[in-house]
Each structure stands twice: as C-alpha cells, then as structure tokens.
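Student: Sequence:
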Amino acid sequence: MRGRVLPVGGIKMKILAAHRAGLNTVILPKRNEKDLEDVPPEVRNSMDFVLVDRIDDAIEAALMPTGDGIVAADSRIDRTLSLPEIEFSPVSASSKL
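In my numbering, the protein residues as written are 1 to 97.
Don't read these hints as lab results, they were simulated from the structure.
Treat the hints with care, as some may be off.
[Stated by the list, open to error] Taking lysine-lysine pairs in the DSS-like style, the calculated list, with each CA pair at most 30 angstroms apart, reads:
{"#": "1", "residue 1": "30", "residue 2": "14"}
{"#": "2", "residue 1": "34", "residue 2": "12"}
{"#": "3", "residue 1": "34", "residue 2": "14"}
The model shown is predicted, which means the values in this text are computed figures rather than measured ones.
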C-alpha cells in the first residue's frame, strides 16, 4: 500500500468510542486535525493522536512499540475485548433473500 491518507467523517464519535474502549492512541488523517476541536477537552487531553499524511506513516505508527514493550500489531498478543460469542451460519449463493 502507498499513497495519501484521505480525511474521514465522524471523527468525534470514533474518538469517543475509542476512548470508551480504553484506547490511548488514535491514528488520524492529518486533514482531520481540525475535527479534534469537536472532541471534549477531557477526552482529547487523555489520548494521543498520530496525524498522518501518507499510508506509510500510518503503517509505521500502527507497528511502533507500545509503552509496555509490546509491538502494537504483535499477532501473538490477544488484545480483544470480551465480546459475546457470535455464531455465523453459512449462506449459499443460491439462497433467496
């Protein structure tokens, strides 16, 4: 992957959701920096934001070591939240909706 990171919508709600989920760092498109003004100061001040222009910067930020010495994208670490089990049932292409 390569190229520019484009701005996205709904930054305030996405950051509030990340905060509620216990995340400390959020990677955002640089062009969304102005949207941080909409985030409540207590949330904004308790989080770190990495603003990126290019996908290479986003990948580097996502793979940088965390404060606890664990690489953020380390596949050996299970950092998923406790979510209810979801069952998926197979659907054939010939099934009618």
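Student: Hint by hint, note whether the structure agrees.
Tutor: We went through each hint and held it up to the structure:
Between residue 30 and residue 14 the alpha-carbon distance is near 15 angstroms, which keeps this suggested pair within the 30 angstroms criterion. This hinted pair checks out: residue 34 and residue 12 have alpha carbons roughly 11 angstroms apart, not beyond 30 angstroms. For a cut-off of 30 angstroms, the pair hint linking residue 34 to residue 14 stands: about 15 angstroms separates their Cα positions.
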